[in-house]
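Colleague: Residue numbers (the numbering used here), protein chains in the order written: chain C, 4 to 304; chain H, 36 to 200.
No wet-lab data here; the hints were simulated from the structure. Beta carbons: idealized from backbone N, C-alpha and C, even for Gly. Just to be clear, a hint being listed does not mean it is correct.
Pulled from the structure, derived: some chain C residues nowhere near chain H, Cβ distances all over 12 Å [stated by the list, open to error]: (1) L87; (2) G118; (3) E119; (4) T156; (5) I172; (6) T177; (7) T229; (8) L244.
Some, not all, of what chain C presents toward chain H, calculated at C-beta under 7 Å [as the list claims (entries may be wrong)]: (9) P152; (10) A256; (11) L268; (12) L303.
Here is what each chain is made of, one letter per residue.
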Amino acid sequence: MNPRHIEIQILADERGNTVWLGERECSVQRRHQKVLEESPSPIVDADMRRRMGEVAVRVARAAHYTNAGTVEFLVDEQKNFYFLEMNTRLQVEHPVTELITGLDLVHLQIHIANGEKLPFTQDDVKIRGHAIECRIYAEDPDNNYFPSPGKITLLLSPSGPGIRRDSGIYEGWTVPIDYDPLLAKLIGYGTDRQQAIMRLQRALNEYFVAGIKTNISLFQRILQDTDFQAGKLDTGYLGRLLAKERMQASDHAPAPAIAAIAAGLFAVLDSVSASSKNGSTGGTASAASNWKQKGRSEALR
Amino acid sequence: MVYEVTVDGKPHRLELESAEGAWKCRLDGREINVDAVLARPDVLSLLVDGRSYEIKREQTESDLHLWVGSTRFAIELRDPRSLRSRRDGTGDASGPRKLVAPMPGRIVRVLVMEKSKVEAGQGIVVVEAMKMQNEIKSPKKGVVQKILAAQGATVNAGDVLAIVE
Numbered sequence: 004m005n006p007r008h009i010e011i012q013i014l015a016d017e018r019g020n021t022v023w024l025g026e027r028e029c030s031v032q033r034r035h036q037k038v039l040e041e042s043p044s045p046i047v048d049a050d051m052r053r054r055m056g057e058v059a060v061r062v063a064r065a066a067h068y069t070n071a072g073t074v075e076f077l078v079d080e081q082k083n084f085y086f087l088e089m090n091t092r093l094q095v096e097h098p099v100t101e102l103i104t105g106l107d108l109v110h111l112q113i114h115i116a117n118g119e120k121l122p123f124t125q126d127d128v129k130i131r132g133h134a135i136e137c138r139i140y141a142e143d144p145d146n147n148y149f150p151s152p153g154k155i156t157l158l159l160s161p162s163g164p165g166i167r168r169d170s171g172i173y174e175g176w177t178v179p180i181d182y183d184p185l186l187a188k189l190i191g192y193g194t195d196r197q198q199a200i201m202r203l204q205r206a207l208n209e210y211f212v213a214g215i216k217t218n219i220s221l222f223q224r225i226l227q228d229t230d231f232q233a234g235k236l237d238t239g240y241l242g243r244l245l246a247k248e249r250m251q252a253s254d255h256a257p258a259p260a261i262a263a264i265a266a267g268l269f270a271v272l273d274s275v276s277a278s279s280k281n282g283s284t285g286g287t288a289s290a291a292s293n294w295k296q297k298g299r300s301e302a303l304r
Numbered sequence: 036m037v038y039e040v041t042v043d044g045k046p047h048r049l050e051l052e053s054a055e056g057a058w059k060c061r062l063d064g065r066e067i068n069v070d071a072v073l074a075r076p077d078v079l080s081l082l083v084d085g086r087s088y089e090i091k092r093e094q095t096e097s098d099l100h101l102w103v104g105s106t107r108f109a110i111e112l113r114d115p116r117s118l119r120s121r122r123d124g125t126g127d128a129s130g131p132r133k134l135v136a137p138m139p140g141r142i143v144r145v146l147v148m149e150k151s152k153v154e155a156g157q158g159i160v161v162v163e164a165m166k167m168q169n170e171i172k173s174p175k176k177g178v179v180q181k182i183l184a185a186q187g188a189t190v191n192a193g194d195v196l197a198i199v200e
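Looking at chain H on its own, in the form it has when it is part of the complex:
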């Protein structure tokens, strides 16, 4: 099996071959012997060069992170033989950007109107959760194209609150 793996933005090429219960790896051309057991669906126990690691997988709809011990890595994995293309992000910086609720809560206040010009980092909406009020900020400088959050409404994590163009 061959994979293109991006770890924190850096691309790598990984070849994996099963060998008598263990694994032969070639990572960017370097040969490494690995023993691995999937302890639970999202927990991998790895033995590399005599050192053991516990790897935890954290997968959301939009991204994948792997934790090696207490260190977190952002991962993109692609099987070059697969015809599926990589999943899209939420748009590039030069196009419209969605402002998304990072957690469930209640809209307490909408700070700007549609068509207002905003700066990067300017507060757009105030969400209340867990006894705290939190300002959700614009990801870029631009114009508020659309506000989808209504004062008093309850939102879930991932709900689109506004679009800034």
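Just chain C, same shape as in the assembly:
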């Protein structure tokens, strides 16, 4: 039986104030690496949060720890939690905590290092809403997560309500072979877990990277999985999901007819835009369709 990996964010100033800032559920892992994280955890209630938070703060105080840190626990089916280790730094998944607490943890790190007091107490910390983060990697999910460095030839990035994107990439950039393949962190925030999932699904459908392979399709698969939506997670979850047969294309899959029509139109419109660049008047565009064209390209931003 696999446990859940649930960790507590703590923050301590150099003036004796140590607080806990809620938990993160990090059980969705591939080869023991976190891939998707969320806060709060679907199984942690206010009482369990407080008990875990108090243990985490005791751990930090015992070590005279200052600044940001994470105390990691393994949690069994009876919701007993057991200390695993402490990460004495700010972690990749910190944005989900920032979104549900409304705090800027990086700003606070600098604040603390500057010798200043934390501008709030434990009682001021409120958890609100739900946030889920996807680690977008340059790897190919259809080819055993083979790394995929190379030049990004087209980048369409999602945005909109509840979507936060911490990204290190841009169109035209070449992803190097020398480093870890993390490209961006895509986080969905909502009033509750269901809304966070729906917003993230929309954002993942809009996210498009050409020139390299990414694991965006892996997250589409996770977010539509019934066990994930029910919060039924443990550290074996992703291994089980990946071992399952891929679901065949659903009714939402577009007909190949659309692709065929688009292929022809690309060829035609390529030559139209090429000729208009050469100075010839571009064809029969009336005033009405110029408005349509402008409206449509605005809507695509």
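Given chain C, put chain H in place with the hints provided.
Modeller: Positioned in the frame of chain C, the structure of chain H alone reads:
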């Protein structure tokens, strides 16, 4: 304009006619009204039967893919009136096949020698990239005709590593 379009291996016949800012299509004989705008050089916004689609084009040297939303289709497009023939692939299964580096990296190990007999899927060369080592496998059963990868060499995506006959 008339095109022969192959989508994921299935051929279609497409006729396109510009009509007052929109397009009249006939796809395999079926009439469809379409409105289209090229939002960016590789992004097409399409309105078909009142539904809107965003189509992204991904073109490499050897192939063309179109993404309709999150679904990817392999495309071959031919203008039957054009005298240009379709581009070749990397050889057919019964002839010599090239083993190509799928991504940039460094050759860590060459696993077989020239003239060795190999099975389909057998590892030929190990390439290292992004902190991972990856085995590049033979595309077919045959004999290694030539090895072009040297241990320690850096390769780019598309570089030929070996030829299996």
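Colleague: Each hint should be assessed against the structure and marked as holding or not.
Modeller: Hints versus structure:
no.	hint	result
1	L87	holds (24 Å)
2	G118	holds (38 Å)
3	E119	holds (38 Å)
4	T156	violated (7 Å)
5	I172	holds (15 Å)
6	T177	violated (9 Å)
7	T229	holds (20 Å)
8	L244	holds (18 Å)
9	P152	holds (6 Å)
10	A256	holds (5 Å)
11	L268	holds (5 Å)
12	L303	holds (5 Å)
Hint compliance for this structure: hints 4 and 6 are broken, all remaining hints hold.
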